[in-house]
Structure formats: C-alpha cells, structure tokens
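Q: With the hints as your guide, set chain G onto chain F.
2 protein chains.
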Amino acid sequence: MSSNIFFHAGTVTCEERTKLLKQTGATIWFTGLSGSGKSTIAMALEQVLIQRGHLAYTLDGDNVRLGLNAGPKILAETRGYSEEVSKRFGLGFAAADREENVRRIGEVAKLFADAGLFALTSFISPYRKDRDAARKAHEQNKTGAIPFIEVYVNTPIATCQTRDPKGLYKQARAAVEAGKGMGFTGVDDPYEPPANPELTFDATSQATEQGVALVLKYLEEKGLLK
Amino acid sequence: MSSNIFFHAGTVTCEERTKLLKQTGATIWFTGLSGSGKSTIAMALEQVLIQRGHLAYTLDGDNVRLGLNAGPKILAETRGYSEEVSKRFGLGFAAADREENVRRIGEVAKLFADAGLFALTSFISPYRKDRDAARKAHEQNKTGAIPFIEVYVNTPIATCQTRDPKGLYKQARAAVEAGKGMGFTGVDDPYEPPANPELTFDATSQATEQGVALVLKYLEEKGLLK
Numbered sequence: 347m348s349s350n351i352f353f354h355a356g357t358v359t360c361e362e363r364t365k366l367l368k369q370t371g372a373t374i375w376f377t378g379l380s381g382s383g384k385s386t387i388a389m390a391l392e393q394v395l396i397q398r399g400h401l402a403y404t405l406d407g408d409n410v411r412l413g414l415n416a417g418p419k420i421l422a423e424t425r426g427y428s429e430e431v432s433k434r435f436g437l438g439f440a441a442a443d444r445e446e447n448v449r450r451i452g453e454v455a456k457l458f459a460d461a462g463l464f465a466l467t468s469f470i471s472p473y474r475k476d477r478d479a480a481r482k483a484h485e486q487n488k489t490g491a492i493p494f495i496e497v498y499v500n501t502p503i504a505t506c507q508t509r510d511p512k513g514l515y516k517q518a519r520a521a522v523e524a525g526k527g528m529g530f531t532g533v534d535d536p537y538e539p540p541a542n543p544e545l546t547f548d549a550t551s552q553a554t555e556q557g558v559a560l561v562l563k564y565l566e567e568k569g570l571l572k
Numbered sequence: 347m348s349s350n351i352f353f354h355a356g357t358v359t360c361e362e363r364t365k366l367l368k369q370t371g372a373t374i375w376f377t378g379l380s381g382s383g384k385s386t387i388a389m390a391l392e393q394v395l396i397q398r399g400h401l402a403y404t405l406d407g408d409n410v411r412l413g414l415n416a417g418p419k420i421l422a423e424t425r426g427y428s429e430e431v432s433k434r435f436g437l438g439f440a441a442a443d444r445e446e447n448v449r450r451i452g453e454v455a456k457l458f459a460d461a462g463l464f465a466l467t468s469f470i471s472p473y474r475k476d477r478d479a480a481r482k483a484h485e486q487n488k489t490g491a492i493p494f495i496e497v498y499v500n501t502p503i504a505t506c507q508t509r510d511p512k513g514l515y516k517q518a519r520a521a522v523e524a525g526k527g528m529g530f531t532g533v534d535d536p537y538e539p540p541a542n543p544e545l546t547f548d549a550t551s552q553a554t555e556q557g558v559a560l561v562l563k564y565l566e567e568k569g570l571l572k
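Protein chains in written order, with this note's numbering: chain F, 347 to 572; chain G, 347 to 572.
So here's chain F without its partners, still in its complex pose (with noise of 0.2 Å):
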C-alpha cells in the first residue's frame, strides 16, 4: 500500500480543505441572553448545512461545559486533580473565568473554522470585549484571517425569562432575593449587546427557519458555499 503514498512538505492547504468540503471554513458566534433560542438556531443550522452536504459543527454547554471548559469540581472528580489545581484550571462564573471560557471556546472554534469546518457557536458570551477578541483572533490567525460572522439572537429579556427552560431565572431572582445572588446574566450580571454584528436574529417576529435562512444566505453571498 505504501508504494501509493505521495504528500507534499508542510500541512495541507486552505485550497485542499476547500476542494473536500465544497466550503470555506467559518466561525458563526451566536449570541444572546440565557433562553433567547441560540442553541435551537444553532442546532437547527447545523442540521440543514449537513442535509446540504456542507460540515458544521456546534459548540455549546453540552459539550464544552463538562469537558475542555468544566469547573473545579469535574476536573475533581473526573481527572483527580488536587483541590488547588482544580481551582486553578476550572472555571466559574467570576468575570475571569466567563472570559476564559469565552476565550478556550474562541479559540477551538478557530481551530475548527481552519480544518474547513462551519464552527457554530451557542454560548450567552455576555462581554462585548471576550466577543471581540475571539473576533480578533480569527483575523489574526496565523494561517490566514478566518470568517467571523456574529449574530446576535436579540430576544428581550421578558420572553427570555417567561420560557426559562431551565428555571435558572427563577433562581438566580431567588439568589438576589436572598442577598447573595449568582451573578447571572441579565439578572444580576450585564448582557452587552453586540455594536456591529454581521447579522441580528429578530426573535420576536422570526421563527427559527428564518434564522436559519438568514445565515445560509450571508453564506452564500459571502461565497462561503461552493
């Protein structure tokens, strides 16, 4: 079998992926409070994409939360860190680890984007400037600036808290309530909206196929889509 082995020096190129893929690797940042329907967009986008012969990928709480970006007391658990490298490694919800999380999941996206792949993804991501310097991360890439495509699920706060799939609304008012509060976003913790994203869901007035074909058609307009 060896003898129909040829490569070249150095790793594949950005041509080469794209050829594969019929595609141009791309971050696509979803974000938004807590309950505005950024997994449900995502997850729906990322369905049709691959319907469509095109690969996408999300990152979300699901999958990152309890691995790469999991607290103290799973990298406890999971990997017997001692108690003062789990606190060290693991993250919270304090504004340094919210910005490390934002960070890790930036920079995986990234990595992602450049294997070719759509990186969609879902997190509340409340900080203007951890959005930006995940932004500024991609055009600096090191390769070749990569796609950043920021949008932003603008669902108001009311509609928000009235589904509160998880009921973390109720209790984060249940915390502050009781004067010690979680520091959750929207509650007792800020959400600042993005300034310029690339293109802002209407949760209001738009159901989730709309967002859906929202995002497929920048994709296309920005010739994303081969």
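Incorrect hints may appear among the rest.
DSS-like, lysine-lysine: derived pairs with alpha carbons at most 25 Å apart [claimed, not checked]:
no.	chain 1	residue 1	chain 2	residue 2
1	F	Lys526	F	Lys433
2	G	Lys572	G	Lys365
3	G	Lys512	F	Lys433
4	F	Lys419	G	Lys475
5	G	Lys488	F	Lys419
6	F	Lys475	G	Lys419
7	G	Lys433	F	Lys433
8	F	Lys433	G	Lys365
9	F	Lys368	F	Lys488
10	G	Lys488	G	Lys365
11	G	Lys526	F	Lys419
12	G	Lys368	F	Lys572
13	G	Lys419	F	Lys488
14	F	Lys572	G	Lys365
15	G	Lys365	F	Lys368
16	F	Lys365	F	Lys563
17	G	Lys419	G	Lys526
18	F	Lys568	F	Lys488
19	G	Lys482	F	Lys512
20	G	Lys419	F	Lys482
21	F	Lys475	F	Lys488
22	F	Lys516	F	Lys526
23	G	Lys512	F	Lys488
24	G	Lys482	F	Lys419
25	F	Lys568	F	Lys365
26	G	Lys568	G	Lys368
27	F	Lys365	G	Lys572
28	G	Lys568	G	Lys365
29	F	Lys433	G	Lys475
30	G	Lys572	F	Lys368
31	F	Lys482	F	Lys568
32	F	Lys419	F	Lys572
33	F	Lys365	F	Lys488
These are computed hints drawn from the structure, not numbers from a lab.
A: Showing chain G alone in chain F's frame:
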C-alpha cells in the same frame, strides 16, 4: 428560501456525519520524544487522508501552544490578562501544566472526532497517566464512545538527540550542566512509553510512507473508512 428548510429535534446524528464524510471520526494520538518524527507522520497522514476524500486535522504545537494552550506571556500580551490571571490559566512546563495541556488537547481532539473528523494529535505527551485519561474521556464520551488510537513513535533518544531539529536537547543539556534544568523530556524529565499502544511506528527501520500505511491499514481494518 426558508420554505425548503427542514430539521428534526436534537443534534445531528453520528450516522448523518458518517454518511456525509464516508468515515467514522476517531482520534489518532501520536506520542514520542521530541524529534521522534511524530509531526512528520501526522502531517503526511493528514495529506494522504484528504487526497483520498477523507477529512483530518492535526493538532500540534504550532496551532495549540500559541492559542488554546498559550503560556502566561502570550495571554498577557494578546488578551490583556492581568499577571495573576495569566499565571492562573497560562500553561508552562510544570507537571500540573503538562497534565492540563494534555487534558485540553484530549478534549479538543474528542470534539473533532465527534464532529466526524480524524483528529491527529502530535505532542510528546510524556506521562502515561495523562494519555490514559485522554483515552478514558473518549471511551466515556457522553454521546457514545469515540475510537482512540495511540501511536507510539519509538525513535531511540540517541537518534532524537542527534537530529535535534529545534536545538532543544542541546539547550536542555546546557541547562542541566549549569545546574538549572528545564524539565525537558528525555533529559531531565521522564518519557513513559505506552504499555499497550494500538500501533507502534519503528522509526529506526521504517520510512514515513510506511508509518502512514500502517495507520491507514488500521483504519480500514477497524471499518472507520467507508
């Protein structure tokens, strides 16, 4: 356009990805001394897989150590992290830092393999315990076990030290002679060879082509190439 958009509840299934990519995602973990030739084989394998219509991506020092697993200095410079936060999250070469380095790489490889890719990792990853933890994370993946293929690149240290492509062995020996040491694998820090690697590449008698063929044969035999 939105009239043509259909999706089901939940995430894209493993079967949908396999159908699109004609492969089952897996992590191929290259381990061995500095200068053993891990990256040479990984890069050649990545190219050959892509030539044959399969999707692979290599995680290595070039794309991980400057981004996701950057050291304190880079975090301070590129992110404006305070000295305290840079030291907390930035990775150096102490045992806990190496463990966290390998943990994050294992978690990211797992995500790539979950997305359907062959995730190739090329890191010394000197400690058996850390590699075994990465394997365990793959076996216990929440949405189903992910194949983990450990490839031991067993180039003898004398050969690695003669090659010394980055001058690191020379630097490490000088540090030891000066009574400082730098915890360099094979000089003043141990390398623990895998006890039961899926594959061993005998770098003293085999060419890169043969290493690539060895892995391809394994992927075929295990039914990971469709």
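Q: If a hint holds in the structure, say so; if it does not, say that too.
A: Against the structure, the hints come out as follows:
1. A hinted pair counts as satisfied when its Cα atoms are at most 25 Å apart, and Lys526 (chain F) with Lys433 (chain F) qualifies at roughly 21 Å.
2. The straight-line distance between the Cα atoms of Lys572 (chain G) and Lys365 (chain G) is roughly 9 Å, inside the 25 Å bound, and the hint therefore holds.
3. Of the supplied pair hints, the one linking Lys512 (chain G) and Lys433 (chain F) is violated, its CA atoms being roughly 35 Å apart against a limit of 25 Å.
4. The suggested pairing of Lys419 (chain F) with Lys475 (chain G) holds, with an alpha-carbon distance near 20 Å, which does not exceed 25 Å.
5. Straight-line distance between C-alpha atoms of Lys488 (chain G) and Lys419 (chain F) comes to about 17 Å, which keeps the hinted pair within the 25 Å bound.
6. Annotation: proposed proximity of Lys475 (chain F) to Lys419 (chain G) holds, straight-line Cα distance about 20 Å (limit 25 Å).
7. Proximity of Lys433 (chain G) to Lys433 (chain F) is assessed by CA-CA distance (about 13 Å); at most 25 Å being required, the pair is judged to hold.
8. Note on Lys433 (chain F) and Lys365 (chain G): the hinted pairing is violated, with a Cα-Cα distance of about 42 Å set against a maximum of 25 Å.
9. The hinted pair formed by Lys368 (chain F) and Lys488 (chain F) meets the criterion: a straight-line CA distance of about 23 Å does not exceed 25 Å.
10. For a cut-off of 25 Å, the pair hint linking Lys488 (chain G) to Lys365 (chain G) stands: about 21 Å separates their Cα positions.
11. At most 25 Å may separate the alpha-carbon atoms for a hinted pair to count; Lys526 (chain G) and Lys419 (chain F) exceed this at roughly 36 Å.
12. For the suggested pair Lys368 (chain G) and Lys572 (chain F), the alpha carbons sit about 20 Å apart, so the restraint of at most 25 Å is met.
13. For the hint linking Lys419 (chain G) to Lys488 (chain F), the alpha-carbon distance of about 17 Å falls within 25 Å, and the restraint holds.
14. Among the hinted pairs, Lys572 (chain F) with Lys365 (chain G) is consistent with the structure: their alpha-carbon atoms are about 20 Å apart, no more than 25 Å.
15. Proposed proximity of Lys365 (chain G) and Lys368 (chain F) is supported: the alpha carbons are some 16 Å apart, at most 25 Å.
16. Annotation: proposed proximity of Lys365 (chain F) to Lys563 (chain F) holds, straight-line Cα distance about 21 Å (limit 25 Å).
17. A C-alpha spacing of about 21 Å is found between Lys419 (chain G) and Lys526 (chain G), which places the hinted pair at or below 25 Å, so the restraint holds.
18. Only pairs whose Cα atoms come within 25 Å are accepted, and Lys568 (chain F) paired with Lys488 (chain F) is accepted, the gap being roughly 22 Å.
19. Simply put, Lys482 (chain G) and Lys512 (chain F) have alpha-carbon atoms about 30 Å apart, too far for the 25 Å limit, and the pair is violated.
20. Using a Cα cut-off of 25 Å, the hinted pair Lys419 (chain G) and Lys482 (chain F) holds, with the two alpha carbons roughly 18 Å apart.
21. A distance of roughly 21 Å separates the Cα atoms of Lys475 (chain F) and Lys488 (chain F); the hinted pair therefore holds under the 25 Å criterion.
22. Distance restraint check for Lys516 (chain F) and Lys526 (chain F): the Cα-Cα separation of roughly 14 Å lies within the 25 Å cut-off, and the hinted pair is therefore satisfied.
23. A C-alpha spacing of about 20 Å is found between Lys512 (chain G) and Lys488 (chain F), which places the hinted pair at or below 25 Å, so the restraint holds.
24. Among the hinted pairs, Lys482 (chain G) with Lys419 (chain F) is consistent with the structure: their alpha-carbon atoms are about 18 Å apart, no more than 25 Å.
25. Annotation: proposed proximity of Lys568 (chain F) to Lys365 (chain F) holds, straight-line Cα distance about 17 Å (limit 25 Å).
26. Between the alpha carbons of Lys568 (chain G) and Lys368 (chain G) the distance comes to roughly 14 Å, so the proposed pair stays at or under 25 Å and holds.
27. As the CA atoms of Lys365 (chain F) and Lys572 (chain G) are separated by approximately 20 Å, the hinted pair is consistent with the 25 Å bound.
28. The suggested pairing of Lys568 (chain G) with Lys365 (chain G) holds, with an alpha-carbon distance near 17 Å, which does not exceed 25 Å.
29. A C-alpha spacing of about 20 Å is found between Lys433 (chain F) and Lys475 (chain G), which places the hinted pair at or below 25 Å, so the restraint holds.
30. Restraint check for Lys572 (chain G) and Lys368 (chain F): the C-alpha separation of about 20 Å stays at or below 25 Å, so the hint holds.
31. Between Lys482 (chain F) and Lys568 (chain F), the direct Cα distance comes to roughly 19 Å. Compliance with the 25 Å bound is thereby established for this hinted pair.
32. Between Lys419 (chain F) and Lys572 (chain F) the CA atoms are separated by roughly 45 Å; this puts the pair beyond 25 Å, and the hint is violated.
33. Between the alpha carbons of Lys365 (chain F) and Lys488 (chain F) the distance comes to roughly 21 Å, so the proposed pair stays at or under 25 Å and holds.
Violated hints for the displayed structure, listed by number in ascending order: 3, 8, 11, 19 and 32.
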